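Peer 1: Here's the letter readout for the chains.
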Amino acid sequence: MTETTTEVMVGSAGVINGRLQLSQGITRDISGGIGGQFTIIPTIDLSALIDPSATPEDKTRLTAEVREACTRVGFFVIKNHGIEWNIVEAAFDGIKEFFDLPMEKKMEVHQSKSDSYQGYEQPYYTNVDRLKKGGKEVAHSTT
Amino acid sequence: MPELLRRHNLWPNPKDAPIVKPALEAYRAACLDLMRKLIRIMAVAIGEKEDFFDKKITYPIAGIRALYYPPQENAGEEETGLGAHTDVQCKISVSYLRIVLISHSNDNDRPKAI
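For the record, the sequence lines run as chains A and B. Residue numbers for the first sequence, in the numbering used here: 1 to 143. Residue numbers for the second sequence, in the numbering used here: 1 to 114.
If you are wondering where the hints come from, they were derived from the structure by calculation, not from laboratory data. Every value quoted in this text rests on a predicted model; they were computed, and no experiment measured them. Among the clues, some could well be false.
Restricting the straight-line Cα-Cα distance to at most 20 Å, the calculated cross-link-like pairs of lysine to any residue (SDA-like) are [as the list claims (entries may be wrong)]:
1. K105/A / W11/B
2. K21/B / M107/A
3. K37/B / T60/A
4. K55/B / W11/B
5. K91/B / W11/B
6. K55/B / P14/B
7. K37/B / E48/B
8. K79/A / K96/A
9. K105/A / P14/B
10. K21/B / A90/A
11. K56/B / L5/B
12. K96/A / D33/B
13. K91/B / K96/A
14. K21/B / E104/A
15. K59/A / E48/B
16. K21/B / D100/A
17. K59/A / I40/A
18. K79/A / K91/B
19. K37/B / P123/A
20. K96/A / K21/B
21. K59/A / D33/B
Here are the computed distance ranges between Cβ atoms for each label pair [what the hints assert, rightly or not]:
22. K79/A / M1/B: 17 to 23 Å
23. K113/A / Y69/B: 38 to 44 Å
24. V77/A / L67/B: 15 to 21 Å
25. N17/A / I46/B: 26 to 32 Å
26. L32/B / P123/A: 27 to 33 Å
Example chain A residues on the side facing chain B (calculated, C-beta under 7 Å, incomplete) [said to hold, decoys possible]:
27. E97
28. L101
29. G119
Virtual Cβ for every residue (Gly too), placed ideally from N, Cα, C.
Construct all of the structure, not just a fragment, from the sequences and the given hints.
Peer 2: As structure tokens, this is what we get:
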């Protein structure tokens with residue numbers, strides 16, 4: 001990448017002289033490859049992953065689609081992923097149930113009280129540089 | 001799973017919120033199952049054997065982050081929220097109930113991180 005002046009700044013991070021500068025002092029090279037050349041986000045059908053009757057050719061085709069999406073776009077939408085929708089809906093119901101709790105109940109399971117740092121984070125708590133607001137609430141679930 | 005590697009999540013009292021723990025654990029298990037299949041495809045996609053990542057996904061740090069963005073008044077002063085940062089995950093899958101807010105910063109109509 002040629003020498004450039006500051007191109008993008010978001011908060012205290014940005015792209016400076018062609019390198020991504022993050023607020024923790026981390027820098028990253030920005031790929032000069034084929035990334036970013038897309039106009040639509042690809043949707044990938046995962047049937048070949050889920051369906052026991054999928055042929056090796058189906059898997060090869062899927063692999064090519066995943067490679068294409070990851071190298072050219074960087075992300076993709078999935079369909080026919082095999083996760084039952086009632087599991088997804090129940091998860092959202094559970095999340096709503098949690099966030100609807102009164103603040104004192106949520107603070108009882110605050111992340112700072114967990115030896116694994118897994119718990120509730122109130123709005124404005126998660127913030128890289130402590131100077132800006134970040135208005136989201138977080139609940140973790142890990143094993 | 002070795003106890004040393006186990007991460008302990010804090011859950012609300014089931015009397016206050018009976019659904020959230022079983023629902024998120026079931027959702028996490030379903031997502032992890034799918035991601036374990038997908039990573040084998042990705043291994044082949046980068047020119048390796050299907051089992052290339054198997055040792056890395058024996059006890060993966062595979063977490064669900066449930067996010068809720070409460071409605072907010074216009075802050076008045078322009079704020080960027082969390083800000084740009086690098087996460088270390090191999091794969092992130094996003095599932096959303098509804099997009100609550102798409103915000104643009106005032107300058108250059110650039111999408112604003114929220």
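Peer 1: Take the hints in turn and mark each one as holding or not.
Peer 2: Against the structure, the hints come out as follows:
Taking the CA atoms of K105/A and W11/B, the gap is near 10 Å; set against the 20 Å cutoff, the hint holds. Proximity of K21/B to M107/A is assessed by CA-CA distance (about 16 Å); at most 20 Å being required, the pair is judged to hold. For the suggested pair K37/B and T60/A, the alpha carbons sit about 14 Å apart, so the restraint of at most 20 Å is met. For the hint linking K55/B to W11/B, the alpha-carbon distance of about 30 Å lies beyond 20 Å, and the restraint is violated.
Pair hint K91/B plus W11/B does not hold up; C-alpha atoms about 25 Å apart against a cutoff of 20 Å. Taking the CA atoms of K55/B and P14/B, the gap is about 35 Å. The hint is violated against a cut of 20 Å. With a CA separation close to 15 Å, the supplied pair K37/B and E48/B stays within the 20 Å bound. About 25 Å separates the Cα atoms of K79/A and K96/A, which puts this hinted pair outside 20 Å; it is violated.
Annotation: proposed proximity of K105/A to P14/B holds, straight-line Cα distance about 12 Å (limit 20 Å). The hinted pair formed by K21/B and A90/A meets the criterion: a straight-line CA distance of about 10 Å does not exceed 20 Å. Only pairs whose Cα atoms come within 20 Å are accepted, and K56/B paired with L5/B is accepted, the gap being roughly 13 Å. Straight-line distance between C-alpha atoms of K96/A and D33/B comes to about 24 Å, which puts the hinted pair past the 20 Å bound.
In summary, the hint linking K91/B to K96/A is not supported, as the alpha carbons are separated by about 25 Å, beyond the 20 Å threshold. The suggested pairing of K21/B with E104/A holds, with an alpha-carbon distance near 18 Å, which does not exceed 20 Å. The straight-line distance between the Cα atoms of K59/A and E48/B is roughly 15 Å, inside the 20 Å bound, and the hint therefore holds. Under the criterion of a C-alpha separation no larger than 20 Å, the hint pairing K21/B with D100/A is consistent with the structure, at around 15 Å.
At roughly 23 Å between alpha-carbon atoms, K59/A and I40/A are farther apart than 20 Å, so this suggested pair is violated. Taking the CA atoms of K79/A and K91/B, the gap is about 16 Å. The hint holds against a cut of 20 Å. Distance hint between K37/B and P123/A is unfulfilled; the C-alpha atoms sit about 35 Å from each other, more than 20 Å. With a C-alpha separation of about 12 Å, the suggested pair K96/A and K21/B falls inside the 20 Å cut-off, and the hint holds.
Restraint check for K59/A and D33/B: satisfied, since their Cα atoms lie roughly 17 Å apart, inside the 20 Å limit. Between K79/A and M1/B the Cβ separation comes to about 31 Å, which falls outside the hinted range of 17 to 23 Å. One distance hint, 38 to 44 Å for the beta-carbon pair K113/A and Y69/B, is violated here, with the actual separation near 23 Å. Take V77/A and L67/B: their Cβ atoms lie about 19 Å apart, and the range 15 to 21 Å holds.
Checked against the hint of 26 to 32 Å, the pair N17/A and I46/B passes, with Cβ atoms roughly 30 Å apart. Distance hint check for L32/B and P123/A: the Cβ-Cβ separation is about 28 Å, which falls inside the suggested range of 27 to 33 Å. This hint holds: E97/A has a C-beta 5 Å from the nearest C-beta of chain B, less than the 7 Å allowed. Against a cut-off of 7 Å between C-beta atoms, the interface hint on L101/A holds, since the closest Cβ of chain B lies about 6 Å away.
The beta carbon of G119/A comes within 4 Å of a beta carbon in chain B, closer than 7 Å, and the hint placing it at the interface holds.
The structure fails hints 4, 5, 6, 8, 12, 13, 17, 19, 22, 23 (numbered hints given earlier, in ascending order).
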